[in-house]
Amino acid sequence: MTTNGSTTNGAAPTTATTQKVVDLRGFSYQGEAGAEVDFRDFFENGALPLHVVAPDGTIVSANKAEIDLLGYSADNYVGRFVGDFYRDRAVAEDILARLGRGERIEKYPADLIAADGSTKHVEIWSSGQFRDGALVSTRCFTVDVTELKKARDDL
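The numbering used here puts the sequence shown at residues 76 to 230.
Don't read these hints as lab results, they were simulated from the structure.
Be a bit skeptical, because a hint or two may be false.
No more than 25 Å apart at the CA atoms, straight line, and that leaves these computed lysine to any residue pairs for SDA-like [claimed, not checked]:
#	residue 1	residue 2
1	Lys225	Gly208
2	Lys182	Leu144
3	Lys224	Gly177
4	Lys182	Lys224
5	Lys195	Ile180
6	Lys195	Gly208
7	Lys225	Asp143
8	Lys224	Gly175
9	Lys139	Ile180
10	Lys139	Arg176
11	Lys225	Gln204
12	Lys182	Trp200
13	Lys225	Ala172
14	Lys139	Glu181
15	Lys195	Pro184
16	Lys195	Ala172
17	Lys224	Arg176
18	Lys224	Gln204
19	Lys139	Gly208
20	Lys139	Thr221
21	Lys195	Ala185
22	Lys139	Phe216
23	Lys139	Ala209
24	Lys139	Val166
25	Lys182	Val211
26	Lys195	Glu168
27	Lys225	Gly132
28	Lys139	Arg227
29	Lys195	Val153
30	Lys224	Arg162
Distance windows between CB atoms, simulated [said to hold, decoys possible]:
#	residue 1	residue 2	range
31	Ala226	Leu123	31 to 39 Å
32	Asp186	Asn151	36 to 44 Å
33	Ala149	Gly208	28 to 36 Å
34	Gly121	Arg179	18 to 26 Å
35	Arg179	Asp229	26 to 34 Å
36	Gly154	Gln204	14 to 22 Å
37	Ser148	Leu230	19 to 27 Å
Computed from a predicted structure; not experimentally measured.
Idealized CB from N, CA, C, for every residue including glycine.
Kindly generate the complete structure, drawing on both the sequences and the hints.
Structure representation (structure tokens):
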């Protein structure tokens with residue numbers, strides 16, 4: 076482990092053994108060796124649905140929770156335009172435009188189309204990753220509020 080440029084035993088860190096840059100389809104992380112495995116596990120097995128979208132709206136990666144939420148196989152989800160899964164494509168396009176302008180999205184309501192044709196009511200939390208002023212990707216957490224919406228509608 077490094078602390079202020081040195082290892083815990085006082086030796087100078089070596090880049091090859093202590094630092095590693097991880098790039099997971101648009102995400103970057105710099106940290107200890109082995110961080111790639113930790114980060115990949117965080118992404119793939121996280122409890123919240125998460126996906127990464129390219130600037131053109133193509134889904135480049137999605138974790139298991141996202142795939143499970145909507146019921147698609149990864150092959151039928153990753154690689155497609157994110158708007159294909161929105162009941163109202165204009166909502167997806169608005170989110171992408173806002174992210175492209177550098178806005179952060181919090182609790183943005185959306186209706187997504189599950190593989191079985193049902194609607195999942197969700198809230199979107201997302202931000203963009205930029206390099207040299209250009210959008211590289213977005214990282215999006217999808218919070219399923221379907222049951223909450225049904226309960227509110229039943230009141």
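We went through each hint and held it up to the structure:
1. Lys225 / Gly208: violated (41 Å)
2. Lys182 / Leu144: holds (17 Å)
3. Lys224 / Gly177: violated (29 Å)
4. Lys182 / Lys224: Roughly 14 Å separates the two Cα atoms, so the pair holds.
5. Lys195 / Ile180: holds (18 Å)
6. Lys195 / Gly208: violated (34 Å)
7. Lys225 / Asp143: Holds, at roughly 20 Å.
8. Lys224 / Gly175: violated (29 Å)
9. Lys139 / Ile180: It holds: about 22 Å lies between the C-alpha atoms, which stays within 25 Å.
10. Lys139 / Arg176: Violated, at roughly 29 Å.
11. Lys225 / Gln204: violated (34 Å)
12. Lys182 / Trp200: Roughly 6 Å between the alpha carbons, so the hint for Lys182 and Trp200 holds.
13. Lys225 / Ala172: violated (29 Å)
14. Lys139 / Glu181: holds (22 Å)
15. Lys195 / Pro184: Holds, at about 11 Å.
16. Lys195 / Ala172: holds (22 Å)
17. Lys224 / Arg176: With Cα atoms ~30 Å apart, Lys224 and Arg176 exceed 25 Å; violated.
18. Lys224 / Gln204: violated (31 Å)
19. Lys139 / Gly208: With Cα atoms ~31 Å apart, Lys139 and Gly208 exceed 25 Å; violated.
20. Lys139 / Thr221: holds (19 Å)
21. Lys195 / Ala185: holds (8 Å)
22. Lys139 / Phe216: holds (12 Å)
23. Lys139 / Ala209: Outside the cut-off at roughly 28 Å; violated.
24. Lys139 / Val166: holds (24 Å)
25. Lys182 / Val211: holds (22 Å)
26. Lys195 / Glu168: holds (18 Å)
27. Lys225 / Gly132: violated (29 Å)
28. Lys139 / Arg227: violated (28 Å)
29. Lys195 / Val153: holds (18 Å)
30. Lys224 / Arg162: Holds, at about 16 Å.
31. Ala226 / Leu123: 31 to 39 Å: This hint is violated: roughly 21 Å between Cβ atoms.
32. Asp186 / Asn151: 36 to 44 Å: violated (19 Å)
33. Ala149 / Gly208: 28 to 36 Å: holds (32 Å)
34. Gly121 / Arg179: 18 to 26 Å: holds (19 Å)
35. Arg179 / Asp229: 26 to 34 Å: Given range 26 to 34 Å: holds, Cβ gap about 32 Å.
36. Gly154 / Gln204: 14 to 22 Å: holds (19 Å)
37. Ser148 / Leu230: 19 to 27 Å: Roughly 37 Å apart at Cβ, these two residues miss the hinted range, so it is violated.
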